[in-house]
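Novice: Chains as they are written, first to last, in our numbering: chain C, 15 to 176; chain D, 15 to 176; chain E, 15 to 176.
Incorrect hints may appear among the rest.
Intra- or inter-copy, both count: the list cannot distinguish identical chains.
What the hints assert, rightly or not - In silico BS3-like cross-links for lysine-lysine, where the CA-CA straight-line distance does not exceed 27 Å: (1) 154 to 90; (2) 90 to 78; (3) 148 to 24; (4) 98 to 148; (5) 24 to 78; (6) 90 to 24; (7) 159 to 24; (8) 30 to 78; (9) 98 to 24; (10) 61 to 159; (11) 24 to 61; (12) 89 to 154; (13) 154 to 61; (14) 148 to 78; (15) 78 to 159; (16) 30 to 116.
Keep in mind that the hints were calculated from the coordinates and are not lab data.
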Amino acid sequence: MVIFALQESKISAMAKIRVTREFNFEMAHALWNYDGPCRNVHGHSYKLFVTLIGDSIDDPDNPKNGMVIDFGELKKIINREIVKVFDHTVVVSHLVEEDRLKAMNQMFGNVLMVNYQPTCEMLVTDFAERIIPKLPSEIKLHNLKLFETANSFAEWFADDNT
Amino acid sequence: MVIFALQESKISAMAKIRVTREFNFEMAHALWNYDGPCRNVHGHSYKLFVTLIGDSIDDPDNPKNGMVIDFGELKKIINREIVKVFDHTVVVSHLVEEDRLKAMNQMFGNVLMVNYQPTCEMLVTDFAERIIPKLPSEIKLHNLKLFETANSFAEWFADDNT
Amino acid sequence: MVIFALQESKISAMAKIRVTREFNFEMAHALWNYDGPCRNVHGHSYKLFVTLIGDSIDDPDNPKNGMVIDFGELKKIINREIVKVFDHTVVVSHLVEEDRLKAMNQMFGNVLMVNYQPTCEMLVTDFAERIIPKLPSEIKLHNLKLFETANSFAEWFADDNT
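When you get a sec, could you build the whole thing from the sequences and use the hints?
Specialist: Structure (structure tokens):
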């Protein structure tokens, strides 16, 4: 029994909620065969927003009560699967000429070769494929938003790809 | 009849439109039984984005012609139902021990006890339940986005909870 | 054959992706018959986010390989269809009294008369109608977000208007 006056607030039901955290990494890329200046190696400060959807845990004995996922746990997964893999790399298509690849590998410490053109669209597709199998089974990847520059971004949505 | 040259622009039909306004409030909370530092009282600068959906009013005699809702009216509703209730409060679960509750009530002027763990996920669920009955009948709450920190937020969507 | 060690990353399938670019323009408007200060001519720094949806091009011989649309091409279309039309104009409803229209046309160099009340909701509807017919046939306008002020915006979504 509380013996002093308190405001009270009650909710009637648990809800399905989306949770999002922002991540940042620095990455260089080159667009093989592109008809513009982006064909050359250049870098961006990428911003990645990861949005998960699930039911808030409804169990007062669970230390994660009221959460879809602990933001700290989400941070751990994305840092391990995405940020540590791509941060401070040069990402290039596997179609790049061997001479240029050798040169890049000598100039840059960390070349990451991918089987796609590393546009913002393809990177966000790759990230979705990497993240999905690493999530707890009761939580779904809802969408990813990847800023390549301050005013342009690409998004992958689960609902667009079912 | 206009007697000088003017550019003109015409639309062919009214559309269903979503309108959003951002709100800010300062709030402290403590997560009862959580296995991390957030178990202790701490504060955040919350940012809440309220998104409504409806048809733009199509009546030249209505002073709100062309609007889903006057942004000023939306501001009034959310300030009354959310900002004034939660701004500069300490929000705690009703499961908190009575001793700690008493201590908090003595230290802080404005303790708000809620029947849930006051995570970002649960707060946004509470806000949805508070806002929905206060909206004009022809306008629906589409979604809420609540930033707890500058890089993490939770979202409630009507479509996720039907 | 690559003769040195490289990390590799592979994706298994192309995805449907949304791409967005932000645009900015300065515009004045007056809301005819409105019951607030916005009835008078005043300006805003508008921010428009244009989101398209499509499949990333999957053709290594195409210079746009891996893109839904070249961001440069999107920029060209929106600058031509929206920014150049509305930037530094005064937008007024065709219902405005002729005297006021004449006075505005004398005071401001660039009055744009529209057949609607130029609220944020109606402007974004007009913009959608202008952009849709100018896009390549394989790409769809997914949504538009128009900030009128730093903390309020209206959105048009194709899915809300089918």
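Novice: So, for every hint listed, does it hold in this structure?
Specialist: Now the hints, each set against the structure:
| no. | hint | in the structure |
| --- | --- | --- |
| 1 | 154 to 90 | within (16 Å within a copy, 36 Å between copies) |
| 2 | 90 to 78 | within (16 Å within a copy, 35 Å between copies) |
| 3 | 148 to 24 | between (34 Å within a copy, 16 Å between copies) |
| 4 | 98 to 148 | within (15 Å within a copy, 41 Å between copies) |
| 5 | 24 to 78 | within (19 Å within a copy, 34 Å between copies) |
| 6 | 90 to 24 | between (32 Å within a copy, 22 Å between copies) |
| 7 | 159 to 24 | between (34 Å within a copy, 20 Å between copies) |
| 8 | 30 to 78 | within (16 Å within a copy, 34 Å between copies) |
| 9 | 98 to 24 | between (42 Å within a copy, 17 Å between copies) |
| 10 | 61 to 159 | both (8 Å within a copy, 19 Å between copies) |
| 11 | 24 to 61 | between (36 Å within a copy, 21 Å between copies) |
| 12 | 89 to 154 | within (15 Å within a copy, 33 Å between copies) |
| 13 | 154 to 61 | both (21 Å within a copy, 25 Å between copies) |
| 14 | 148 to 78 | within (19 Å within a copy, 31 Å between copies) |
| 15 | 78 to 159 | both (26 Å within a copy, 21 Å between copies) |
| 16 | 30 to 116 | neither (49 Å within a copy, 33 Å between copies) |
Violated hint: 16 only; the structure is consistent with all others.
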